[in-house]
Amino acid sequence: GPKVLQIPSHQIIDMGQMVTLNCDPVSNHLYFYWYKQILGQQMEFLVNFYNGKVMEKSKLFKDQFSVERPDGSYFTLKIQPTALEDSAVYFCASSLKGAPLFGEGTRLSVL
Amino acid sequence: DAKTTQPDSMESTEGETVHLPCSHATISGNEYIYWYRQVPLQGPEYVTHGLQQNTTNSMAFLAIASDRKSSTLILPHVSLRDAAVYHCILRASNYGNEKITFGAGTKLTIKP
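Those sequence lines, one after another, are chains G and X.
Reminder that position 21 of the first sequence reads as 36 in the numbering used here, one-by-one numbering, no gaps.
Reminder that position 57 of the second sequence reads as 58 in the numbering used here, one-by-one numbering, no gaps.
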């Protein structure tokens, strides 16, 4: 069946660096989401995105975060600069209508 | 602002039928009931959803009370692969403009 792919599966960076997390959504999906999950904790909503615009963002979506979908391909989450508390697994999801389909996540380790 | 209440954990044995309860006493008329499950180190997996009528698919049966204030996810003949955290979620729309908000869910443990 259709899948949401996230690249890379694991990324390690130094605090203060920029990082871009990539999500390859299902091809005909129009709505995109990012979630953050710290190990052992609940999944937290960050942002959703439609038609080139952020629709809603949570308090966790700091000013250092940005999202875009350049060229209609990857949906990206950029963090600049990164902080230690950004270490987590970031999940991307996409939907057309109905249930969002989630990727397997990118584990981000900020040192 | 948790809108659903689920037990923290449940345990069952392979081959049994599991009933996972969810209480949503303040559900609005336009809110759908969604179920997802998540195993460690993987993304959430959609299980099923419904509005008013009971629904069934290859994974589960969703029984919705007539007053919609509670629902039960029924997993027939569970296997070890069904061990996961199951999330009962209310969503104001069936469309993508509405996010999915996760709670703590019910951790389902399956014994061999």
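Keep in mind the hints are simulated off the structure, nothing from the lab.
Quantities reported herein were computed from a predicted structural model and do not represent experimental measurements.
Hints are supplied without guarantee of correctness; some may be wrong.
[Claimed, not checked] 25 Å max Cα-Cα, derived DSS-like pairs, lysine-lysine:
| id | chain 1 | residue 1 | chain 2 | residue 2 |
| --- | --- | --- | --- | --- |
| 1 | G | K74 | G | K18 |
| 2 | X | K4 | X | K112 |
| 3 | G | K112 | X | K112 |
| 4 | G | K93 | G | K74 |
| 5 | X | K108 | X | K70 |
| 6 | G | K72 | G | K112 |
| 7 | X | K70 | G | K72 |
| 8 | G | K72 | G | K18 |
| 9 | X | K70 | G | K74 |
Hint-by-hint comparison with the structure:
{"no.": "1", "hint": "G:K74 x G:K18", "in the structure": "28 Å, violated"}
{"no.": "2", "hint": "X:K4 x X:K112", "in the structure": "30 Å, violated"}
{"no.": "3", "hint": "G:K112 x X:K112", "in the structure": "36 Å, violated"}
{"no.": "4", "hint": "G:K93 x G:K74", "in the structure": "16 Å, holds"}
{"no.": "5", "hint": "X:K108 x X:K70", "in the structure": "22 Å, holds"}
{"no.": "6", "hint": "G:K72 x G:K112", "in the structure": "20 Å, holds"}
{"no.": "7", "hint": "X:K70 x G:K72", "in the structure": "29 Å, violated"}
{"no.": "8", "hint": "G:K72 x G:K18", "in the structure": "24 Å, holds"}
{"no.": "9", "hint": "X:K70 x G:K74", "in the structure": "30 Å, violated"}
The structure fails to meet hints 1, 2, 3, 7, 9 from the earlier list, while all remaining hints are met.
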